[in-house]
Structure formats: C-alpha cells, structure tokens
Amino acid sequence: DAGVIQSPRHEVTEMGQEVTLRCKPISGHDYLFWYRQTMMRGLELLIYFNNNVPIDDSGMPEDRFSAKMPNASFSTLKIQPSEPRDSAVYFCASSPIDPTAYYEQYFGPGTRLTVT
Amino acid sequence: GQQLNQSPQSMFIQEGEDVSMNCTSSSIFNTWLWYKQEPGEGPVLLIALYKAGELTSNGRLTAQFGITRKDSFLNISASIPSDVGIYFCAGDGETSGSRLTFGEGTQLTVNP
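So the protein lines, in turn, are chains A and B. Under my numbering, think of the first position of the first sequence as 1, with each following residue one higher. Under my numbering, think of the first position of the second sequence as 1001, with each following residue one higher.
It is worth saying that the hints were derived from the structure and are not from the lab. All C-beta atoms in this analysis are idealised placements derived from N, C-alpha and C, irrespective of residue type, glycine included. A few of these clues could be false.
[Claimed, not checked] Here are some chain B residues the structure puts well away from chain A; computed CB gaps all over 10 angstroms:
(1) Glu-1017
(2) Val-1019
(3) Thr-1031
(4) Leu-1045
(5) Ala-1048
(6) Asn-1058
(7) Thr-1068
(8) Ala-1078
(9) Gly-1085
(10) Leu-1100
(11) Gly-1105
(12) Thr-1109
[Unchecked claim] Going by beta-carbon spacing under 10 angstroms, a handful of chain B positions derived as facing chain A:
(13) Phe-1012
(14) Thr-1024
(15) Ser-1026
(16) Asn-1030
(17) Tyr-1035
(18) Gly-1059
(19) Ala-1090
(20) Gly-1091
(21) Asp-1092
(22) Arg-1099
(23) Phe-1102
[Unchecked claim] Derived DEER-like restraints, expressed as beta-carbon distance ranges:
(24) A:Val-53 / B:Ser-1027: 23 to 33 angstroms
(25) A:Ile-97 / B:Gly-1040: 24 to 34 angstroms
(26) A:Gln-80 / B:Pro-1008: 16 to 26 angstroms
(27) B:Ser-1057 / A:Gly-3: 47 to 57 angstroms
(28) B:Gly-1016 / A:Asp-63: 49 to 59 angstroms
(29) B:Leu-1055 / A:Ser-66: 17 to 27 angstroms
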C-alpha cells in the first residue's frame, strides 16, 4: 500500500517567493496533519484537518502560512512570502477514523525547505 | 501546554546490547506512541499503547504504558546497526483533542 506522499522532497527558494508543499494522504484516512521539524523546536503541529475541514490551525506561525484540503486525497501548505526562518522539514501525516487507531499518525517522507 | 520529557537525549551502545529509553509527563496521557526517524525520512510508527499498564511488543521492541498514565518506556533488545535513528515518544493528553505532543527524541547510535 502507498504511504503518505509528499512533493517536492526538496525545495530551495529565495526569500519573498511563494512556496507550495503538497501532500496525498493514505487512502481512507480522514485526518491530515501538517508538521514542521527543526533542530531548535523539534516537531511542531501546524494545522490538522478532519474530513477536509480545518479543525485546529493554532500552530500556524503567522498569516504567511495557509493550508487547504480541497478533497480527501490532496492537501497543500503554502508560504507566501517565504522567509529564511521558514527553512525546515515539513511533514504531512494522516490517520484513520477508526477510534481504536485514531492517534496512529503515519508520516510522509517530508519536504526539506531551504529559503535563502 | 503539555510537555513530554524524553531521556536520555542520546545513547551510544555496542551491537547486541539492550536499550531502554523513557518518556514522562507532568499530566495524564490517554495514549502513548513510539516512533523512529531515520535521516532524511519521516517518523515511522513503532508501537501504540492505549491502556495504563499495557505492555506491547513489536519484534525486538517492547513498550509499556505506565500505570500512573504519566510515563512510558521503550526497550530494544539485542540491538543491531539498523536500529540507529532518533526515537520519539508521543502522547495524547486529556486536553489535547486530536493533537499529539512529541518528545524531543533519543538519538541512538549502535557501534558494530
């Protein structure tokens, strides 16, 4: 079975440019999570969706960050304009609706973003 | 917010040795999970625990959900070089909704 798919795997961009990260969750999973990982702050939850609806976006750093989930098989995380401090690895994860496995999040390979 | 204290931060062991790491919290957690992350990859779920006192194994890995619901440990028996990576604990607290709180990770190095 295909796991969570993220693209691109690596992104290098200049400060001020728009960046779009993409995620395809595991088929049948109803929850989708976006995380950011840095050495200083570890894994931080940015936002999560349930059935394509954003539930908690309190982790989104600021208005420059936005996330959408137009359908059950696709989500985007956009940064506009990007800044050097946004450099990090961004992970997408999904989990099933099954209450016995509700918290078992499955992570994608991540997108390593470098903003120069 | 809720925090998890994971220890040790790093471990350097010889192949064949057993490994133990733990995670503690000041508040009660309903679920504990253990993940492993290798360089350039996302965290991979190893074990999920849902009941206080629960002891679950996955191959050479064994994890337990503490009776107080404020801690969990992960043991790796007879370590091998491919066990190298960062091990994270994660938990769902009583007030966290669907959010997981992650520990800071234990970096494991296994010398052949």
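To test your reading of the hints: which numbers does this structure violate? 3, 4, 5, 10, 11, 13, 14, 15, 18, 26, 27, 29
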